[in-house]
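Asker: Read off the chains here:
There are 2 protein chains.
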Amino acid sequence: MSRCTSKFVRKNVNMIFKCLILNLLWKYTFSEYTFDIKYSDVPVDHFTIQNKTFKLRYLINGDYHVKGGPVFLYTGNEGNIFMFAQNTGFMFDIAPVFNALVVFIEHRYYGESLPFGNQSNTPENLRFLTSSQALADYVHVIEELRKTYFATILTNDTLPVVSFGGSYGGMLAAWLRMKYPTSVIGAIASSAPIWYFRNMIPCEKFYEIVTGVFEKFGTAQCTNIIKASWEILRNVTKTSSGMKHLYETWRICETFGNATDVEKLVDWLSDIYVNMAMTNYHYPTNFIVPLPAYPVKTFCDKLVSLNSTDPLSTLANLGKALTVYTNYTGSTLCNSINSTSKYLGEYTWDYQACTELVMPICSTNKDMFETQPWDEKKYSEECSKKYGVSNSRPDWIVSEYGGKNLKYFSNIVFSNGMMDPWSCGGVTTNISSNIWAVNITDGVHHSDLRSADPADTNYVIEARKFHVKSIKKWLNMF
Amino acid sequence: MSRCTSKFVRKNVNMIFKCLILNLLWKYTFSEYTFDIKYSDVPVDHFTIQNKTFKLRYLINGDYHVKGGPVFLYTGNEGNIFMFAQNTGFMFDIAPVFNALVVFIEHRYYGESLPFGNQSNTPENLRFLTSSQALADYVHVIEELRKTYFATILTNDTLPVVSFGGSYGGMLAAWLRMKYPTSVIGAIASSAPIWYFRNMIPCEKFYEIVTGVFEKFGTAQCTNIIKASWEILRNVTKTSSGMKHLYETWRICETFGNATDVEKLVDWLSDIYVNMAMTNYHYPTNFIVPLPAYPVKTFCDKLVSLNSTDPLSTLANLGKALTVYTNYTGSTLCNSINSTSKYLGEYTWDYQACTELVMPICSTNKDMFETQPWDEKKYSEECSKKYGVSNSRPDWIVSEYGGKNLKYFSNIVFSNGMMDPWSCGGVTTNISSNIWAVNITDGVHHSDLRSADPADTNYVIEARKFHVKSIKKWLNMF
Chain G
770 MSRCTSKFVR
780 KNVNMIFKCL
790 ILNLLWKYTF
800 SEYTFDIKYS
810 DVPVDHFTIQ
820 NKTFKLRYLI
830 NGDYHVKGGP
840 VFLYTGNEGN
850 IFMFAQNTGF
860 MFDIAPVFNA
870 LVVFIEHRYY
880 GESLPFGNQS
890 NTPENLRFLT
900 SSQALADYVH
910 VIEELRKTYF
920 ATILTNDTLP
930 VVSFGGSYGG
940 MLAAWLRMKY
950 PTSVIGAIAS
960 SAPIWYFRNM
970 IPCEKFYEIV
980 TGVFEKFGTA
990 QCTNIIKASW
1000 EILRNVTKTS
1010 SGMKHLYETW
1020 RICETFGNAT
1030 DVEKLVDWLS
1040 DIYVNMAMTN
1050 YHYPTNFIVP
1060 LPAYPVKTFC
1070 DKLVSLNSTD
1080 PLSTLANLGK
1090 ALTVYTNYTG
1100 STLCNSINST
1110 SKYLGEYTWD
1120 YQACTELVMP
1130 ICSTNKDMFE
1140 TQPWDEKKYS
1150 EECSKKYGVS
1160 NSRPDWIVSE
1170 YGGKNLKYFS
1180 NIVFSNGMMD
1190 PWSCGGVTTN
1200 ISSNIWAVNI
1210 TDGVHHSDLR
1220 SADPADTNYV
1230 IEARKFHVKS
1240 IKKWLNMF
Chain W
770 MSRCTSKFVR
780 KNVNMIFKCL
790 ILNLLWKYTF
800 SEYTFDIKYS
810 DVPVDHFTIQ
820 NKTFKLRYLI
830 NGDYHVKGGP
840 VFLYTGNEGN
850 IFMFAQNTGF
860 MFDIAPVFNA
870 LVVFIEHRYY
880 GESLPFGNQS
890 NTPENLRFLT
900 SSQALADYVH
910 VIEELRKTYF
920 ATILTNDTLP
930 VVSFGGSYGG
940 MLAAWLRMKY
950 PTSVIGAIAS
960 SAPIWYFRNM
970 IPCEKFYEIV
980 TGVFEKFGTA
990 QCTNIIKASW
1000 EILRNVTKTS
1010 SGMKHLYETW
1020 RICETFGNAT
1030 DVEKLVDWLS
1040 DIYVNMAMTN
1050 YHYPTNFIVP
1060 LPAYPVKTFC
1070 DKLVSLNSTD
1080 PLSTLANLGK
1090 ALTVYTNYTG
1100 STLCNSINST
1110 SKYLGEYTWD
1120 YQACTELVMP
1130 ICSTNKDMFE
1140 TQPWDEKKYS
1150 EECSKKYGVS
1160 NSRPDWIVSE
1170 YGGKNLKYFS
1180 NIVFSNGMMD
1190 PWSCGGVTTN
1200 ISSNIWAVNI
1210 TDGVHHSDLR
1220 SADPADTNYV
1230 IEARKFHVKS
1240 IKKWLNMF
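As given, the protein sequences belong to chains G and W, one line each in that order.
For reference, each letter of the first sequence is one residue, going 770 to 1247 in my numbering.
For reference, each letter of the second sequence is one residue, going 770 to 1247 in my numbering.
Extracted from the complex, chain G is given alone in its bound form:
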């Protein structure tokens, strides 16, 4: 499961809170932006007749908003909404151009938006966690914005809304436009693998792209070491002394002594490689974890320089090279192999990945990962064990969101970094005059949604220009 779960947006957050109660409204500040924090009473279930509601959190920034301007709406993904607000500077960068109000809506079951409070994560209570419900939440908030927040600002109830999102949030931004074209006039869907589902992509593509990034930014020697390391790791962990060696040299937080722990470690290690490829930005970032510019290159350089032929030394060296990712700031005391993020709802996301959003992934001998076929049945059994449910309708997502047939939809820009493994599940060719694909040659995971940076290449700058042009067109159509 974790193979499929920790690859989405991972953000590390340093928050500075400035809280003051103002009618049920809190102010929150980070960097230069201040948000009004609001809560909407949304139905727990939009699609049956029932009256239960819960408080969905959303953030509003009006720094650049001028009467008549649109709403830029971020459709929150699998984590605390503040992380997305902090890592989507592009919306703020272009807000002044459009006089836009900037809004971030939290996804149900993440952050503070818990339908059943601290009981939200039971299998019974998790059942309302579906993309359809999340989209309906967003529409509910849009209606609320139209009716209440804007009642004093706008002369009528029309209000152009543009949806933005990255990764799963990008899928939601696109799906929102597809399912509710009268609620949002268009969508900027960045690194949105809307086709990363059954029968739509070859499962081996993902790890092949990761491997390609390591080959390009590291060397073939780097990927060869990684490729060879799996067997070494399996052999070393066959003995308790080997386990102990790994536990100590890799500074693992948890107890580490049985086969399950080894599986966890393998998943964690795979995830780190994936995360490094996804966030192989041209400049230092603090996204999933604090990282230098081109972390893959930094990691590979270190790994190759430390190369050894002895199995134990090889693993110890790998552990040292990994500190590029695990301890760039030098403040990490030990490495938890249970998680790669403390800000995202990993257990909750795993539920989604087990039920509605099953994304087939596999590794072959063409990539640097340990070979592992995609086994839908086994995956499903693991899900049943963990949550008591699994995906009983494997083709639901295709039916619900149209699969590869997008020609009847309009006003969506799908942008992908071609160095981002998730691009293999994204829309990378133009579909029509209204559905565009923007491929950022040297981009990684939603590079275009980040704030402008001096190290930005022309590719990402052009992508952002395309977004601005598209939004202008949609507003003119509106």
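Simulated from the structure, these hints should not be mistaken for lab results.
Watch out, some of these pointers could steer you wrong.
The list makes no distinction among identical chains, and a pair is therefore deemed to hold if it is satisfied within one copy or across any two copies.
[Stated by the list, open to error] Within a straight-line C-alpha distance of at most 27 Å, the following computed DSS-like cross-link-like pairs (lysine-lysine) qualify:
hint, residue 1, residue 2
1, K916, K1007
2, K1173, K836
3, K1173, K1242
4, K836, K1238
5, K1176, K1238
6, K1033, K974
7, K1146, K821
8, K1176, K1242
9, K1241, K1176
10, K1146, K824
11, K1147, K821
12, K1173, K916
13, K1154, K821
14, K1242, K916
15, K1147, K1241
16, K1154, K1238
17, K1173, K1146
18, K1241, K1007
19, K824, K1234
20, K974, K1176
21, K1176, K836
22, K1089, K985
Once you have looked at the hints, place chain W on chain G.
Answerer: Coordinates of chain W only, in the frame set by chain G:
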């Protein structure tokens, strides 16, 4: 409630069953058409994670189907699916032109498609009765057709489907295209009042159109008598002897003795006027009930000829004139004022009209009905009393289906009979080059979906031609 509930398609059915079990598949024949009866296991709730399913019934006719031909899919409305199959001859009339397979899907909670068997109508179990769930049911069956039924006929999994529907079924046909444009290539939505909701139409329009039909096909004298009859009826029913008089002369089936009974009678009477206007076809029909050609004219002629000044005689005469509607065949023993149809799920439809599909209706002194304002609060209270629930989200339908803003949708023909009271809630002007309105000047309730008849006027013939042309265009696009 009943004011709003008995105005949709009402069909009287004489069925001839020819049942033979053939692997879980029954054959059913009426008129010249034979159907395969099939059942699909559809999820009780499509939008939460759960595994419960129930059997949804659908009918297939392949008389005109040739490999490669499209599916003509009727999106069933609030009743037994056989009624709709029997009253939508247009689909069979044009099936040979397209080599089409004809399919009728039953709406959940009606006919045999009961999610909880004979326990389906409890307030708790009814909660899964929403339009969104019904649409997802249809998509589920379409997928099933693609995968199983057509696996042996088609070379690949592509299959063009055109949705058809009349009245509420027409709303569903249009909404299916709007929400699932990759599942259906286009929709023929006849007499579909998709705008008959809050803040979208003036509530008095409906009864004004009914009155207009009575003025046009009867005379002003006819509507004057009807208009005056309400006060007479109220006065006469103040005494028990008056009640007895009405009970006897109108041949009421039920006990009839208190104020509630009078309210029921008033609603029943209003519904009959509405039904006569809706089904004021140019030729004899057996739709809601068996009726002569132009029933409104026949009724008015009789009523005017029997005119009297005495209150009791006036009501007795009204009762006699009503037999045009209540006893055209001469076989009615008594009149039940609890219902106007034994084939439709009225209690179930009332639930929909109380929750998701609240349609504001009122009468003023400009029409022939008893004056009654639209009182949303009172309506809601009555719903709460009956079902324990009411419409807690009055603007949901507008959010979910886009309200009057249809410009982003495509491939829908909205046809309306301009003599049909429901046309006031329909789309009667072209929206775009892909969303067309076809107004049938002398048409009533989905006249165009009925089989061709020698008495058809050019208006309805032209409408049908437009449908054929549109379907051809959609198929070419596909």
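Asker: Since the copies are identical, ignore which copy is meant and state whether K974 and K1176 lie within 27 Å (CA to CA) inside a copy, between copies, both or neither.
Answerer: within (25 Å within a copy, 38 Å between copies)
Asker: At most 27 Å between alpha carbons: which applies to K1033 and K974, within, between, both or neither?
Answerer: Close inside one copy (23 Å), not across copies (67 Å); limit 27 Å.
Asker: With 27 Å as the alpha-carbon cut-off, assign the pair K1154 and K821 to within, between, both or neither.
Answerer: between (29 Å within a copy, 19 Å between copies)
Asker: At most 27 Å between alpha carbons: which applies to K1147 and K1241, within, between, both or neither?
Answerer: Neither, since 48 Å and 46 Å both go past 27 Å.
Asker: Pop the pair K1089 and K985 into one bin, within, between, both or neither, using alpha-carbon distances up to 27 Å.
Answerer: Answer is within; shortest intra-copy Cα gap is 21 Å, inter-copy 91 Å.
Asker: Treating 27 Å as the Cα threshold, decide for K1173 and K1146: within, between, both or neither.
Answerer: Within one copy only: 24 Å inside a chain, 46 Å across chains, cut-off 27 Å.
Asker: Indicate which option fits the pair K1176, K1242 if close means a Cα-Cα distance not exceeding 27 Å: within, between, both or neither.
Answerer: both (19 Å within a copy, 15 Å between copies)
Asker: Go through the copies and call it for K1176 and K1238: within, between, both or neither, with a Cα cutoff of 27 Å.
Answerer: Classified as both; 21 Å inside a copy, 21 Å across copies.
Asker: Within, between, both or neither: how does the pair K916, K1007 come out at a Cα-Cα threshold of 27 Å?
Answerer: This pair counts as neither: shortest intra-copy Cα distance 64 Å, inter-copy 47 Å.
Asker: With identical chains treated as interchangeable, where does the CA-CA distance between K1146 and K824 reach 27 Å or less: within a copy, between copies, both, or neither?
Answerer: Cα proximity of K1146 and K824: across copies only (26 Å, versus 37 Å in one copy).
Asker: When no copy is named, should K1241 and K1007 be tagged within, between, both, or neither for a Cα gap of at most 27 Å?
Answerer: neither (61 Å within a copy, 68 Å between copies)
Asker: Could you place K1241 and K1176 in one of the four classes (within, between, both, neither) given a Cα distance threshold of 27 Å?
Answerer: Both: 22 Å inside a chain and 18 Å across chains, each within 27 Å.
In the structure shown, a violation is registered for the earlier hints numbered 1, 15, 16, 18, 19, in ascending order.
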